[in-house]
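Dock chain C against chain L, hints included.
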Amino acid sequence: MPAILEAREVEKTYRMGKVLVSALRGATLKVEQGEFVAIFGSSGSGKSTLLHVLGGLDRPDKGSVYIDRIDLSTLNDAKLAEVRLHKIGFVFQFFNLLPRLTALRNVELPLTLADVSEKESIQKATDMLELVGLKERIKHRPTELSGGEQQRVAIARALINDPKIVLADEPTGNLDTTTGWEIVRLLKRLNEEKRQTFVIVTHDQSVAETANRMLHLKDGVIQGVKRR
Amino acid sequence: MRRKQILTMAWANMKQRRLRTSLTTLGVIIGITAVIGLASLGEGFRVTVTQRMEQGFELNVLTVIPGSLFAGLSRERFTDENVYNILQINGVEMAAQVMQIGNVTLHNEEGNEVRAFVATAVNFTEFVRVFPDRFEFETINGSPEQWKNDTMVIGYKVNHPNETEAPFARAGDNVNMTFLLKMKQISTPPYSVPVFETRNFTVDGTLSKKGTSGLTNFDYWIFIPLDTAREIYAIPDKPPESDLIFVKVKDPDQSERIADDIEALFPPYRISILAPMTFIRQVDYILSLIQLFLTSIASISLLVAGIGIMNITTVSVMERTREIGIMKAIGAKNTTILTMFLAETALIGLLGGLIGVPTGYGLSYLLSYMVSRFTMGQQQDTVFHTPETQRAVVTPIFSPAWAVGAILFGIIICILFGLYPARKAAKLNPVEALRYE
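Quick note, the sequences are listed as chains L and C, same order.
With numbering that gives the first Met the number 0 applied, the first sequence covers 0 to 227.
With numbering that gives the first Met the number 0 applied, the second sequence covers 0 to 436.
To be clear, the hints were calculated from the coordinates, so they are not data collected in a lab.
Each hint should be verified, as a subset may be incorrect.
The calculated SDA-like cross-link candidates involving lysine to any residue, where the alpha carbons are at most 20 Å apart (straight line), are [to be verified]:
{"#": "1", "chain 1": "C", "residue 1": "K426", "chain 2": "L", "residue 2": "N75"}
{"#": "2", "chain 1": "C", "residue 1": "K423", "chain 2": "L", "residue 2": "N75"}
{"#": "3", "chain 1": "C", "residue 1": "K426", "chain 2": "L", "residue 2": "T73"}
{"#": "4", "chain 1": "L", "residue 1": "K78", "chain 2": "C", "residue 2": "L427"}
{"#": "5", "chain 1": "C", "residue 1": "K3", "chain 2": "L", "residue 2": "V115"}
{"#": "6", "chain 1": "L", "residue 1": "K163", "chain 2": "L", "residue 2": "S205"}
{"#": "7", "chain 1": "C", "residue 1": "K14", "chain 2": "L", "residue 2": "P98"}
{"#": "8", "chain 1": "L", "residue 1": "K17", "chain 2": "C", "residue 2": "R434"}
{"#": "9", "chain 1": "L", "residue 1": "K123", "chain 2": "C", "residue 2": "M0"}
{"#": "10", "chain 1": "L", "residue 1": "K138", "chain 2": "C", "residue 2": "A11"}
{"#": "11", "chain 1": "L", "residue 1": "K138", "chain 2": "C", "residue 2": "W10"}
{"#": "12", "chain 1": "C", "residue 1": "K14", "chain 2": "L", "residue 2": "P141"}
{"#": "13", "chain 1": "L", "residue 1": "K78", "chain 2": "C", "residue 2": "R422"}
{"#": "14", "chain 1": "L", "residue 1": "K78", "chain 2": "C", "residue 2": "V430"}
{"#": "15", "chain 1": "L", "residue 1": "K118", "chain 2": "C", "residue 2": "L427"}
{"#": "16", "chain 1": "L", "residue 1": "K61", "chain 2": "C", "residue 2": "V430"}
{"#": "17", "chain 1": "L", "residue 1": "K86", "chain 2": "C", "residue 2": "M0"}
Reference excerpt, derived from the structure (chain L facing chain C, CB under 10 Å, subset only) [claimed, not checked]:
{"#": "18", "residue": "S47"}
{"#": "19", "residue": "A80"}
{"#": "20", "residue": "I87"}
{"#": "21", "residue": "L96"}
{"#": "22", "residue": "R99"}
{"#": "23", "residue": "R156"}
Beta carbons are placed, not taken as given, at the ideal position from N, Cα and C, and that holds for glycine.
The following block holds chain L by itself, in its conformation from the complex (with noise of 0.2 Å):
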């Protein structure tokens, strides 16, 4: 199976104030299609660099990124905006809702970007959400709905352009377990029916357990792989 997401010693350094970070010292990794992958780590192991750096938020300073075999760094600012459009989905710990647009719109926005026509775009959305189990929400705006609620109109803006693949930074984080869990079994689940890469960086190791594989992230590089 060819890679779908790969690493080659990827190095990050970012200032804090007056302190550099060195948050990425030679990570390396590869992700198949259609894996379930967990970046597991402590606080400050430089998971969310990681998860950025693959994302094509941001651009490391070292080594090379390729997601389907494009790397990332010839990419222009314009380009790698593309690749974030249509070939990865990103899902935050604090949801990262747009307040004042409907759950609609929200997860309807990265269609928008797209130019696809309103009409395609709404019932994307609305099918969208109706997957993610909030079919009767859709006109709430963010204020108005649940930790986990929000969190699933993230997942459904994720996945509405049908990207590649998902990266979730801490996507339980914010919730409570038994909502927390809600949304990993939802994450499982489109994994499974939609066949969709998924890589989820979180600090908790039951999280990371559900996980077909689970790269140990210590000071900056990967430290181990557990296969389920």
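This is chain C only, laid out in the frame that chain L set:
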């Protein structure tokens, strides 16, 4: 991104911050109001003044006089041949020469005396055709073709030195004119003495009161036939001469070209041509400059509004940093972010223009009303004695082109000033933007 969606989102954002949007838009409204108000009032002023001047002047009459202001006064004299050549120029309808006799004294049958300072000799049939409106007289003796060579036409003010009393002469009366015939040389100081002559004329026409045309005022003139004057002043060796020529043109807009053609008939700097149209064009040009100047000053308020927009967009970009990060994470390009912010500033410009244009015209009408109220009843004793000039009424001029222009200008200003903060938003690093609290 779908254009409609960008506008919908921009509009939603503006509605969200209603007070802020209103205040920013108010700045644009004031700017557009000032620009449109002053521009339309200025245009109205320009058109009113130009029209007044066109009424005051005879636009279709050029005056050819000897001499040139900067080359010194030549004593160029005009001949029948000059008049003939001028009549050949394309666009010339008629030409009439005038010989100046100068300052004369008239006595009527009762022995009353009046002085006329502008005694002239003209060919009446030509003269009537050049000035059909102003050379309007009362007569008992048919048309000028039937008049004899001892005929005279008297201007209104000469004939009515005192408005309340009876006129000096009526049509058909006889008057004696005493005038300077020549200077006689003598051997003792002052070496030359004037020789006067008196001749008898029949008043065949008394002119009605006409006032000035800006250049000449026939009320103060008297006229005798050109042939008679030539006979009086006859110098055997020289062809008969005159002092100026009035040229009537068919189309006033051609007067500059015709003036050039007339000038070309004479040696350089020997004559000057007074063309009212040229003068009016100059005044019109100056007024256009003043109007442009006023409008430019008004535009400053639009610049101030632009700075307000820049300010508010900068704040808005900061507030929405996280939103920008989200948009970028889900695949928005830098240009999309740029367009989103510029759509908002452009909408503010459009809104400001749509409200500012009508209020601007409102302002100009208010100002013009106030000016007309202020000047009402003030008798203006100017050289233009036409009744319309007694009240200053300036009607602002509405121009759809300006309305569209002002709205576009407002939008462009808003976009230009929004550009800097919008570019800042577009260039935000998505990861940092997402982390922004």
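Would you list, in rising numerical order, the hints stated earlier that this structure does not obey? Of the numbered hints given earlier, those the structure breaks are 6 and 15, listed in rising order.
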